[in-house]
Each structure stands twice: as structure tokens, then as C-alpha cells.
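Enquirer: Residues per chain, in single letters:
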Amino acid sequence: MKSVFDFLGWFPENISTFGGELDALFAIIWWVTVGIFFLTFGLMAIFMIVYRNREGHRGYNYHGNNILEIVWTILPTLLFAGIGLYSNEIWEVTKYSNRNPKPDVEILMLGKQFGWMFLYPGADGKFGRNAYTDRTARADMSATNPFGRDSLDPAGADDFMVENQFRVPVNANVIVRGSTIDVLHSFFLPHARVKQDVIPGTWMNIWFNIFKTGKYELACAELCGSGHYAMRAEYQVLSDADYDAWLDQKSAEMKGMNAAVAKEPAAADTTASATM
Amino acid sequence: MSTEAIAHSPSHEHVHEEAHHHVLPWYRRYLFSTDHKVIAKQFMLTSFIFLFIGGAFALIIRWQLAFPGKPIPVIGSLLPSTWVTEPGNGIITPEFFAQLLTMHGSIMIFFVIIPLAVGMFGNFCIPLMIGTNDMALPRLNMWSFWLLPPAGLIILTGFFTPSGYAAAGWTSYPPLAAQTGYPAFTFTGQTLWLIAVFLIGFSSIMGGVNYITTILNKRAKGMRLFDMPLTIWAIFITAILAVLGTPVLASGLAMLFFDNFLHTSFFLPDNLVTSSKYFGGGQPVLFQHVFWFYSHPAVYIMLVPLMGVVSDVISTFSRKPIFGYKAMIFAIASIGGLGFIVWGHHMFQSGMNPLLGTTFMLSTIVIAVPSAIKVFNWLGTLWRGDIHYSAAMLSALAFVSMFIIGGLSGVFMASAPVDIYIHDTYFIVAHIHYVLFGGSLFGIFAGLYYWFPKMFGKMLSETWGRRHLFWTFIGFNVCFFPMHVLGLGGHMRRIYDPNVYDFLKGMHPMNIIITYGAMLLGFAQLMLVGNILYSLFFGKKATRNPWRANSLEWAAPPHPGHGNFDSDITVYRGPYEYSVADRELDYWPQWEPGKAISVHHHTVAVD
Chain A
1 MKSVFDFLGW
11 FPENISTFGG
21 ELDALFAIIW
31 WVTVGIFFLT
41 FGLMAIFMIV
51 YRNREGHRGY
61 NYHGNNILEI
71 VWTILPTLLF
81 AGIGLYSNEI
91 WEVTKYSNRN
101 PKPDVEILML
111 GKQFGWMFLY
121 PGADGKFGRN
131 AYTDRTARAD
141 MSATNPFGRD
151 SLDPAGADDF
161 MVENQFRVPV
171 NANVIVRGST
181 IDVLHSFFLP
191 HARVKQDVIP
201 GTWMNIWFNI
211 FKTGKYELAC
221 AELCGSGHYA
231 MRAEYQVLSD
241 ADYDAWLDQK
251 SAEMKGMNAA
261 VAKEPAAADT
271 TASATM
Chain B
1 MSTEAIAHSP
11 SHEHVHEEAH
21 HHVLPWYRRY
31 LFSTDHKVIA
41 KQFMLTSFIF
51 LFIGGAFALI
61 IRWQLAFPGK
71 PIPVIGSLLP
81 STWVTEPGNG
91 IITPEFFAQL
101 LTMHGSIMIF
111 FVIIPLAVGM
121 FGNFCIPLMI
131 GTNDMALPRL
141 NMWSFWLLPP
151 AGLIILTGFF
161 TPSGYAAAGW
171 TSYPPLAAQT
181 GYPAFTFTGQ
191 TLWLIAVFLI
201 GFSSIMGGVN
211 YITTILNKRA
221 KGMRLFDMPL
231 TIWAIFITAI
241 LAVLGTPVLA
251 SGLAMLFFDN
261 FLHTSFFLPD
271 NLVTSSKYFG
281 GGQPVLFQHV
291 FWFYSHPAVY
301 IMLVPLMGVV
311 SDVISTFSRK
321 PIFGYKAMIF
331 AIASIGGLGF
341 IVWGHHMFQS
351 GMNPLLGTTF
361 MLSTIVIAVP
371 SAIKVFNWLG
381 TLWRGDIHYS
391 AAMLSALAFV
401 SMFIIGGLSG
411 VFMASAPVDI
421 YIHDTYFIVA
431 HIHYVLFGGS
441 LFGIFAGLYY
451 WFPKMFGKML
461 SETWGRRHLF
471 WTFIGFNVCF
481 FPMHVLGLGG
491 HMRRIYDPNV
501 YDFLKGMHPM
511 NIIITYGAML
521 LGFAQLMLVG
531 NILYSLFFGK
541 KATRNPWRAN
551 SLEWAAPPHP
561 GHGNFDSDIT
571 VYRGPYEYSV
581 ADRELDYWPQ
591 WEPGKAISVH
601 HHTVAVD
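Protein chains in written order, with my numbering: chain A, 1 to 276; chain B, 1 to 607.
These are calculated hints, taken from the structure and not from any lab test.
Any given hint could be a false lead.
Unchecked claim - Okay, the calculated bits of chain B under chain A, using three or more residues with CB under 8 Å as the criterion:
(1) 207-220
(2) 269-277
(3) 358-371
(4) 381-392
(5) 405-419
(6) 483-491
(7) 565-579
To be verified - 25 Å max Cα-Cα, derived BS3-like pairs, lysine-lysine:
(8) 505/B with 221/B
(9) 250/A with 126/A
(10) 221/B with 212/A
(11) 102/A with 212/A
(12) 215/A with 250/A
(13) 212/A with 112/A
(14) 505/B with 215/A
(15) 540/B with 458/B
(16) 277/B with 112/A
Even for Gly, the Cβ is constructed at its ideal location relative to N, Cα and C.
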């Protein structure tokens, strides 16, 4: 078994492009803090042994030293400021939406108590009118139509929804536009080093690019009620060919379903206009 | 000021005291007393009861995490049927788990650490350490305590409501905390929680106003601000934080209360998909801003007073002046000031603009510096000291060492990109416990072991004190250090059963070790209780100045009555003149006449 003190060995395997930088930054801070830990604990241990009370021993009346105070103010300031500036570059790359790359794949995501829903634009790569693409469509959000999709928009005919699972292609810039229909949730992909809270009424941009195919887990990281712990989903990272095949299959299924459903109301429409 | 002069004359003091003893009925002496020492003891007793309730809740949480699906031993079969999956089977439900973690956090923060750190030490230490008879506003002081027991009863009454206790975490983020699904004017666990915390906030504000007034106006003759012990400086700055921060929290709590109770919609946005129809136009993240604007300074409210206490204990038992007295004060003051511009580091992943993440990251990193300065100064105080390992000193050293670990783990989450991964994992849980248990609670133990003789006139057993601290220290580290590792494995906080996730399965043994550590930690506290009870009834009588310390409280009689001092107090020097070279004694109390000059940071007595 891994040792408790082998900190860096406990991360789950990293699968995302920026994950390596985050882990490296963690490692840098880890080694800096380990250094400070041994410095301070070492001094403390030495002082505690050397200056313990003994017969005839007496303390030293000394009120402090301004030069030392200045030194141990400036050194940590420089050290921490360095960490901060270095961190900021990585922060901007991962989170600033104006620095996100152009998306290869765009997915809409909604959290709910207690599960995850994903909407894909289908084979045409275009979303129809829904709560993300059109603000006014938010009024149509409901338990049966969480994304507020407009069934009359032809661009949305092949949009399809999956629940508690999603699939993304490998080596692609994926942008998930995330929100929630009830309380706060947090979209946490431990292996991809992704975490973003989602807020009802706001769409967040979540960017990642995964370089390894496989099956991984998605968890909710923000307390969202009694079922919070079980708000788990799986996602698959597929090769381009597998992904496209899945997308085509799902879109075709969706189109077929829409056609079947659309027949009846369409017929009703024609009769209505005919009688007019 | 003339009344103060009269109050200090011994004859008047005597008459005053006698009069009180004869005139005041028992309930004015023990229940509704305006004596700061009685109020401090009331805070202590109440908070200790809550400490055990909060601790018991934590042990149930730990049992579930280590042994999910197994009945809780001993008390399992006694739990109410709403708490367990089937009546009498002793396995708790996810709903109750969420209530437990909410109540554990809320009780420990609002009913244990803040009342002990600020209420108990503030009340006990301020008048004694600045050499006066009582607080400036004794009746307000009494009120500040008497809001605590009703608030405690109200928060615990949540159990009897249809929803059970509040279950949205101690941070109670809306919409989860704002939407009860109950009709308006229904008391639920959440609304009672909000009322209780609101009352505690009131108590903090009243206490804070009183502390500031007392410290500025009632110092003994000759005591300048820079003659005050660091405990008083720390409480002074804490009081300013509390007075500035708590009203902001109160506003947030009030809005959340209205959302719950009156179905307003401060924090509920449009287009929620829910059975309730009371929402629209609100902004959930607003609550997080308002909450953390107080609750980040609150971390310092819980920590800073104990930094002061620990400084005094370390100086006394190292028989050395505190290293860099003014640097310590400036460090506390800058922690206090910067504490108000770092709240956003709790919200890096909340969905606020990432540009704000950058600014909050930089301010957070700056606030690490004064904490580092304090640690270096404590080490400087130990250097060339004459260290006596009393229970109080061991506890103070435990504070310093655990605070170093808690501070260093804070550097990780201060870095916003690192926080992406560790946010809302057990790494955060480990950090907060290293700061608030390893820090605050060891600081509280240090102060308790140090001032107990003055509080109760009896000595605690040093042997049992050391045993208590040893096992607490071991249990604490076994319990909380592995949590860092759980966090690195990605273990989310506040989850009922980690075994749902494949990526957490390998870490289950660690959850079991942590639970054993928690049990050791919990049961070790019985040694403290036993020690206190034994000493109260059979303990050795305390002398006036058992630790040979310098500050003014040790000029008072061993168990001071109403009015505190039996002689006139004049302050001649600062509180840290230990081991002055040309004096026979290795301490030089503040109240002892004598002249000294400072030569190259050394104090030299002159005749």
C-alpha cells in the first residue's frame, strides 16, 4: 500500500491536457511547504531540546530584532508572490473563457437532484432553439423538457439528450456549457482535474481536452441534498471514429422519434388551417 | 475616570464587594450576573456542553464513513426512527447524515470555538489583564451571554420540526437552503438554524462593542496601549473584526430567512424546475459573497484571540520576552485588515468571474505573510529561553506546530488552479480542522490550563493535563492528517457513502484509520473533564501567581471576587520582562515599581 506521506502518489491518473500542469504546480507547492515544514519543525525541536529548563539555566532577555523581522517578512512575500504569479497563468488558461480554445465539441449540461443531463447538438453540430441558445426559451424549462427545447426548430431535430453518462472524443477541445435546474451542483471530473460549480440561471463554460480513451467517473462535489453522495455518472472518452458512430446513431434515433411524434400534430395543423 | 480611581481604592473595593455578597440574591450571582468572571464561566460551561454534542455528531459521521451500512455500536438502537433506515437498526439515513454534518459544523463554529475564544477568554482576560474591576458595560455583557443558551436551544429544536435539523451544510448555500418546500410561516430546521445563528451574531456584536470600549477606556493607571499583553491586543482586533463583519452576515441570514419563511426570492433565480412556485429574480451566488465576507474574517475571529493567548503562554513558560512584540501586533492587525479582502478564495469554483479569482488569489497569498511572521516570532521566543513544559506550554506548542501545518496546507488552496482539484474534497476538511482544532482548540486548552487557577482558585493536575494533551495530539493527527491524502485521491466532502465511487474504493482503509483516530480524540477529552471536576472538588489551592507571570491578572487574589483586585494597580512596564539580567527573579511583574531602560533590545533595570 502507498504511504500516507507519499502525497503526490495518491492523485488519480491524469487524463487531461492541463491536468499535468495542475499536478506539477501542486508538486512545486508541496516541495516548498515540505521545506518550510522541516525548517520550522526542525528549529522548534532543536529549541525545545536545547533550551529546556535545567538547574541554573536562565532565559535571555531579548525583545526582538528589526532586521530579522524585515527579512522574514520580505522572503515569504517574495516566495508566495512567485507562487501566486506562476499560478495565475495556469488559472487563466483553464478558466478564463476568452482564453479557451475554439471548441471541437460543445455539449450542454444540466444538474438536477440527483443526476446529470447532457444535450448534444447531434450530427449537424448545431443546437436548435433551447434555454442556452435563446434566453426566452428558458421559460419552457420543465421536468419533462429540462433544456427548454423548441420542438419546432429544425436545427434541433437531431439534438439528443443522455442522462447520467456522456461521451466525448479523445484529443478534442470539449466545452461543456453547464447549469442546473434546481440547486447548486459541482461538475467534478477527478481524472481530468475539472471542477466547476453550476448555478441555476447561469451557464458556465467548462473546457477540457482529454488525451486518453477509457471509461471514467463524474461526481457532484457540492452538497445538493440527501442524494448528493450518489449523484454519480460515468463518461467515456472515445476515439474519433467511435464517437462519430455513436453520434450518428443517436441522431438518427432522435430524428426517427421526432418524425413519429411530429406526424400527428402536423396533421392536426393542416386540418385546422383547412377549416379556417 | 474619577469613578475608576475610586473603584481602585482598596477600602471602597472591600465595601463594594461585601455589599454585593449580602445584597444580591443567588440568581444575580450565578445566573444573571454582570461579573465578567461569572459570565466567562457561563460561556465555558455552555460551550463545553456543545463541544460534546458537536463531537458526538462527528463520531456518528465518522462511523458512517468508515463502516457504511453497519449499525452504530451502543447508541445505535436508541436513535430515533427518523434518523435510521429502519427503526432500531442503528444505520443512519443520508438525510440524517446531511443534518449531522451541518449541525457538527455549525455547533463547533458558532457554539464552541467563537464563544470559547471570544466569549470566555475575552470576558475573563480583559478586565483582569488591563487591571480594572469589570467591563465598561456589564449589563450588555450579561446579555451577550444570555443570547447563547436560547440560540442553542433553538438550533437543537430543529430536531422536532417536520424537516429535522438544517441539512444544507454550515455554509447553507441557497437554493438548497432557501427552498424548503413548506408553506410560508413554517418553522423548519433551516429557519431555526438561521434564527439561532442570527442571535449568536447579535451576541458577538454586543461582546465586541463592549471589549473595544473596555480596552480603550478602562486600562489601569500607567498602562499604555503598547503595555497590553498580546492576548488583549488580539481580542481587541478580533472585536473590531466581529463588529464590522457580523452585521453583514446578519443581513445575509435575514434575507435567507425571508426566502424560507416569507417566500421572498433574494437568492432564487428565474426558471427553477421545482414544485414550489416562489422563485424568480434572485441570485444564489450573492449569498456566498455575503456569507464569506463575514465567515472568512470569522476564521480569524476564531484564531486570532488564541494567537494572543499562545503568545502569552509561550513567553511565560520560556521565561523570555515575546520576540518582536510590535511585529506581532502589526501582524495581527494586518491579518485583521487583509481578512476582509480575501473571502473570494472560498468561491474560486463557485462560478464567479475568474478574473475575481485572480485578485482573490493574490490577496490570499499576501495574508499568508503575517501568519508566517507570527510563527517565526514564536520560534524566536523559544530561542535561548528556559522552557518549562507545563500542560499550558505543551498545548501552546501543539497550537504552533499544528497551525504551521494548517497554514502550509492553506497555501495549496490559495493557489486557484490547485484549488480546482482539491476544492470541496477532504483536503479542505483536513485544512479547516488543522486550523480550527489543531489551532483554535489547542489554543483554548492552553488558555484553560494557564488561567484555570485564576478562574477557579484551584490547580489542575499537570500529570493528567499532559496525558490529555498527549492523547489528544496523537488522536488529532491520526484523525486529520490522512484526510489530506483522501483529498488528493479526490474524496469529496459531505458524502454519505464513498464506496459508491470506483476511484475512491482503494482508500477505504484510510477512512477506517481516521475513524479510530477520531474515537481516540473524542474519548481523550474525558481526561480533561475528569481533571477539571477532580480539581474543582479536591484540587490543590492555587497561589496568587503560580506561573510566576508578569501580567496584571496575577496581581489579583487567587479566586478574585466581584471587583477583582484587592490593591491599587499601577502599571510600570510591558508584560514581557522575563529574565532581566540584573534582577534576581526571572520575572518582573507589570505592577511592581521599578525603572528600566532598553539597550539594544535588552531591558536593563536602573535604580
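Enquirer: Now tell me, hint by hint, if it's right for this structure.
Expert: Hint-by-hint comparison with the structure:
no.	hint	result
1	207-220	violated (count 0)
2	269-277	holds (count 6)
3	358-371	holds (count 7)
4	381-392	holds (count 8)
5	405-419	holds (count 10)
6	483-491	holds (count 5)
7	565-579	holds (count 4)
8	505/B with 221/B	violated, 65 Å
9	250/A with 126/A	holds, 14 Å
10	221/B with 212/A	violated, 74 Å
11	102/A with 212/A	holds, 20 Å
12	215/A with 250/A	holds, 19 Å
13	212/A with 112/A	violated, 28 Å
14	505/B with 215/A	holds, 16 Å
15	540/B with 458/B	holds, 6 Å
16	277/B with 112/A	holds, 17 Å
Against the hints set out earlier in the document, violations occur for numbers 1, 8, 10 and 13.
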